[in-house]
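J.: Since chain A is already given, all that's left is putting chains B, C and D on it; use the hints.
Protein chains in written order, with the working numbering: chain A, 1021 to 1384; chain B, 1021 to 1384; chain C, 1021 to 1384; chain D, 1021 to 1384.
Bear in mind the hints are in silico, worked out from the structure with no lab data behind them. Some clues are possibly wrong.
Identical chains blur together in the list; that is why a pair holds if it fits in one copy or across any two.
[To be verified] In silico BS3-like pairs for lysine-lysine, Cα to Cα no more than 25 Å straight-line: (1) 1220 with 1095; (2) 1095 with 1338; (3) 1220 with 1074; (4) 1338 with 1295; (5) 1074 with 1213; (6) 1192 with 1295; (7) 1163 with 1095; (8) 1192 with 1163; (9) 1163 with 1338; (10) 1192 with 1213; (11) 1338 with 1220.
Number of protein chains: 4
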Amino acid sequence: MPGNSFGQLFRVTTAGESHGPANVCIIDGVPPGIELSEDDLTPDLARRRPGQSKITTQRDEPDHPQILSGVFEGKTTGTSIAILIENQDQRSRDYGDIQHKYRPGHADYTFDAKYGRRDYRGGGRSSARETTVRVAAGAVAKKLLSQAHGIQIVGFVTQVGDVHADIPHPEKVTLAEVEANIVRCPDQGAAMKMIDLIEKVRSERDSIGGVAQVVATNVPPGLGEPVFDKLKADLGKALFSLPAVLGVEYGCGFAVGTLRGTENNDLFTTDDAGKVTTTTNRHGGMLGGISSGLPITLRCAIKPTSSLPQDQQTVTTKGEPTTIATQGRHDPCLLPRFIPMAEAMTAITLADHMLRQRAQCRNA
Amino acid sequence: MPGNSFGQLFRVTTAGESHGPANVCIIDGVPPGIELSEDDLTPDLARRRPGQSKITTQRDEPDHPQILSGVFEGKTTGTSIAILIENQDQRSRDYGDIQHKYRPGHADYTFDAKYGRRDYRGGGRSSARETTVRVAAGAVAKKLLSQAHGIQIVGFVTQVGDVHADIPHPEKVTLAEVEANIVRCPDQGAAMKMIDLIEKVRSERDSIGGVAQVVATNVPPGLGEPVFDKLKADLGKALFSLPAVLGVEYGCGFAVGTLRGTENNDLFTTDDAGKVTTTTNRHGGMLGGISSGLPITLRCAIKPTSSLPQDQQTVTTKGEPTTIATQGRHDPCLLPRFIPMAEAMTAITLADHMLRQRAQCRNA
Amino acid sequence: MPGNSFGQLFRVTTAGESHGPANVCIIDGVPPGIELSEDDLTPDLARRRPGQSKITTQRDEPDHPQILSGVFEGKTTGTSIAILIENQDQRSRDYGDIQHKYRPGHADYTFDAKYGRRDYRGGGRSSARETTVRVAAGAVAKKLLSQAHGIQIVGFVTQVGDVHADIPHPEKVTLAEVEANIVRCPDQGAAMKMIDLIEKVRSERDSIGGVAQVVATNVPPGLGEPVFDKLKADLGKALFSLPAVLGVEYGCGFAVGTLRGTENNDLFTTDDAGKVTTTTNRHGGMLGGISSGLPITLRCAIKPTSSLPQDQQTVTTKGEPTTIATQGRHDPCLLPRFIPMAEAMTAITLADHMLRQRAQCRNA
Amino acid sequence: MPGNSFGQLFRVTTAGESHGPANVCIIDGVPPGIELSEDDLTPDLARRRPGQSKITTQRDEPDHPQILSGVFEGKTTGTSIAILIENQDQRSRDYGDIQHKYRPGHADYTFDAKYGRRDYRGGGRSSARETTVRVAAGAVAKKLLSQAHGIQIVGFVTQVGDVHADIPHPEKVTLAEVEANIVRCPDQGAAMKMIDLIEKVRSERDSIGGVAQVVATNVPPGLGEPVFDKLKADLGKALFSLPAVLGVEYGCGFAVGTLRGTENNDLFTTDDAGKVTTTTNRHGGMLGGISSGLPITLRCAIKPTSSLPQDQQTVTTKGEPTTIATQGRHDPCLLPRFIPMAEAMTAITLADHMLRQRAQCRNA
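So that you can see chain A by itself, here it is in the shape it has in the complex (with noise of 0.2 Å):
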């Protein structure tokens, strides 16, 4: 099927466009009975909305979520549920550079390339904007997930530029602690060097990396499949399939290029209730594809902002050479406001393969 859905049996479709009427996705296959009401949908989407700091860009949108469909006497039904945030302030204006440059770092150009033509007017379907959706859809899945098996997800920042946290256990950081300061690291020492980064990086009108984790616990053993729809499989496409994703990994991730089996391997053991576990947890909560039980640990490499508020070089969609800067007020970090997304994005998977374990196997 086309690109605009995910998930098989948790399934999400979204549509929409930064600078149009609205955002909207349906969410299939969400069981029946579950409490679910607008309220639960906006502490998320608040994470996710610009303006919600000094380090996160200005513009300022409610995103107040509207649920259409799907949810009746405050429960869900078993239908689909339907879900659209309108865009405010989506008045045309001179959109005049973008329509006839392409931004480096952005997907001016492949739209082209792909379609022949853009919506122009912001970053049309590649801007950020679609994510309020996921968020929204991702809060859905938070609520099953939460419900039948107490899984939590949680994510955080762990490097900004060479500002690296010190997290040493990252099963046990809380939302309390993540949400403790903006740039949402829960290493309160780190995030203050981070927000000092963040703010002279902006100054200087320019953009800045970063690495985020995001951890899932209470996952039930037994979730994934053992080829193709490996649950490291699903979840790396759903973190890559946000925006400014350069990398992902799990567990050890990278640094096992220099392990050995001796060093890398988790040992079996068994736990005070004599259930089957490891005694570290190199591999992320996941062997062979399938959940372990132990904590799920990701990450995901984010690349600066592209938008710059100052002159780069690039060339006209009829391919003369020209210089272009941003105009208007664009993050100059993404990490803080990508962490609900990942969230999100990590608690529809879950739940996509919760729903495929009682299909086939009726024990989740």
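T.: Using the frame of chain A, we list chains B, C and D on its own:
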């Protein structure tokens, strides 16, 4: 749909265990009229097969593919292509240890958690043996891509343990350079060190991890979809679906965490033919999830082989402490044989997106 | 994937209940550059809407479609198209009877059996109201088909109760002939009798069934796949997915049961342009599940409206015997409003297979 | 995805031509722990195979299925199950006539129009030979359905030419009654007339059409989805995907065209156990596209065999007028061998929806 299929339009479905009679794949959606014979499949199967060199496992499986359908008078008919590869020597042996103990790093425990039972003769469905038919399907995809656009896909090893190759122009690496040594590293000096390291590790009854790179050249701009099915997302899933992959990155990858926008953005220009291109390729050939026409560059982190010929602590299927040591011969380093698998999954993904682009936009 | 999507490449996903705020569809896979505005959607929506004539329900819902995405400067962009149609007058009334009793012929009981709960304000998700957005999506498909190959899709009523129309050349029926009367039967004499019968049935607080036909002309040969996704199979599913359809046939249909091979086979010949064709069209434009270039002829059996304004025996949701009589105004015959729905599903199916043919064979 | 797969969760993918080395299917999504051996597949394959009686084709193909994967120690493992059935006697003969002429009623022309080429050795991919592996997959589905809910699926012939069977209680027909005669009609008197008619038609070098019925009993209420994937829609597609099917109906079917609502509605009541049911079953076991718990009753119109051992007018592949007479022996009536195919597709569809119901609602 269940997890034994990959791709939307160039679609590969597989079946088979390590110790059953055969592995089989069905490839659906192949355009008619492509010249194809079993000889097209054997070179990559030979690169994947065990026993090919002193640094791989010494088991010897010839892996003769049989095309059962979809090819007539030497060309594809457009109907589904079944390829069967018999397993040699799959007779029942004594698998007592694997049957009753969980091997560290393997999927034994997670299979039991998922399905309540497993084929304990070797890795069963999670054995790397299932990749034979993926490699065969990848060879079909390579033919299609090559005929349509001259697309070439070349994989190679860039790191084994702490030995790093120096490959200044990954987009220029040739298959011949890769196949010039048994570790499949085009930096011939580094290759020698890698081979020495692998032999040392094996003599110490251990294994070692590393990093592989895949480069696809001549990919036309416009492949990939803007939201969930970004080309990077589907390639990410494709590579994560292979055994032992703990991380995937493209372009700058995780190194982007320390970069500024001014350092990371690739600037647009035109080439001699007037075609839009970029002066550098930190974006790894994909912008907004859509191919840019620049070489696509991907890297995978590969863990050290989990099977070790020395005692490792573990538990029995009943949760009692025990130890297990792998019997039989295993690759001390998975990297050399991983290369054709990674190329195959890259080819399948690109072929799929090429057909998708033909469906919607007719310009591929 | 769950059941609220249809089509592989031209893919329609819908949401919405009869008494929620709106119905919405997302159409994915539409080629870029197709001229499209809300005016393209309104004619078929007007043909589907209630209150259009004296023989349909008198509820009045204007059904104004809003295109929320995927169209820019009057043309499709290639990104997903969301269309929203608000429900008028969906305010909460007293639905006590429907809430606590199972209406004969309706999905009330089966919804409860499936989901354990249901939206009892009208038909909820199983209301024919959900077909509004299908009709809108069908209008998009019709534009695509018309531009690509001049494909025309015309539906009409051939039977109401025991009144049978005489339509010697179904492939020549025009939209104007269909719309010349309120029952949508191109045999104007039969149409008058049908209208009289429907009015008689209504006056007797009853309803009546019938048969509808859909004809698609100018369909190029080669659409459809040889095995599971035969064109007849996907068209069959498309039509059976509409409410009240109890049977689907094409070509000779059930009449073939008494025919011999010598009577039924259509003989091949060539037309004036030298193109292969058949001398007759008992095969309904599909051979081996693939379009032959001849007109595609389909017929659907439509049951009488289940809602009746007279007491019918039933049980409460607790299983106690009771009676129920439908409140409000309902169509005494579903056929006239079924026509645009059937055309829409036919168009969506053909558009999907046209794109599939482009993907694999590039000759559509 | 391409057209050689069927089902979302119980998913069957097939490959194979009539004159290639083998037909193969991969069944994905089968729950683990189901007892399964090749002996479970052979009874239905014997019912489907040619040469089983004097009224079927006299070709003799034993159709021994080989299970290549997914079964271990006599039970399914949950991984994909590959089943291979070799073609006997597929050696190259002289196919000159079929190669250069279009057989009336066959897919020769439409294949050429679609793919630009075809395997002209017999029917290639459009041969009924491809249904061997569907029947094998159907036998797996039947086991699953029988174990889970005691679901039974029985098909039989109700009409051959103008001979109509009298079957007052289709839901009570047993397999033994069906297999009591070679035409598979449980009305033994009508069966004799049907056999006589078929022999007469064959002696006249002609063929004859008919109607088949399939009944599924003990289907729990709640299977099927409310909109596109109505159970009737997926069953309709399943049956239309079989060769020679020109019409499908359920419940009252086309007879509903003359019925009034008061005549057609089935009234709700409760059975002795207090379970909701209906007093009659004109709705064929499905309301709103969802199973009601009543027997599911389906009927298919089957065309007369297109291959005739007498000259028929046609054209060559170059469009020149010619005649063609079928060589070799063909079934003069497709009905008897159609029965196991129809049962198989019904079983696959119900198994798929049972797993879907487990995924979302956990009550199947």
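J.: Does each hint fit the structure? Answer for all of them.
T.: Here's how the hints hold up against the structure:
| no. | hint | result |
| --- | --- | --- |
| 1 | 1220 with 1095 | neither (47 Å within a copy, 43 Å between copies) |
| 2 | 1095 with 1338 | between (53 Å within a copy, 21 Å between copies) |
| 3 | 1220 with 1074 | within (12 Å within a copy, 54 Å between copies) |
| 4 | 1338 with 1295 | between (64 Å within a copy, 9 Å between copies) |
| 5 | 1074 with 1213 | within (15 Å within a copy, 51 Å between copies) |
| 6 | 1192 with 1295 | within (20 Å within a copy, 50 Å between copies) |
| 7 | 1163 with 1095 | within (12 Å within a copy, 36 Å between copies) |
| 8 | 1192 with 1163 | within (20 Å within a copy, 46 Å between copies) |
| 9 | 1163 with 1338 | neither (49 Å within a copy, 31 Å between copies) |
| 10 | 1192 with 1213 | within (22 Å within a copy, 41 Å between copies) |
| 11 | 1338 with 1220 | neither (36 Å within a copy, 57 Å between copies) |
In the structure shown, a violation is registered for the earlier hints numbered 1, 9 and 11, in ascending order.
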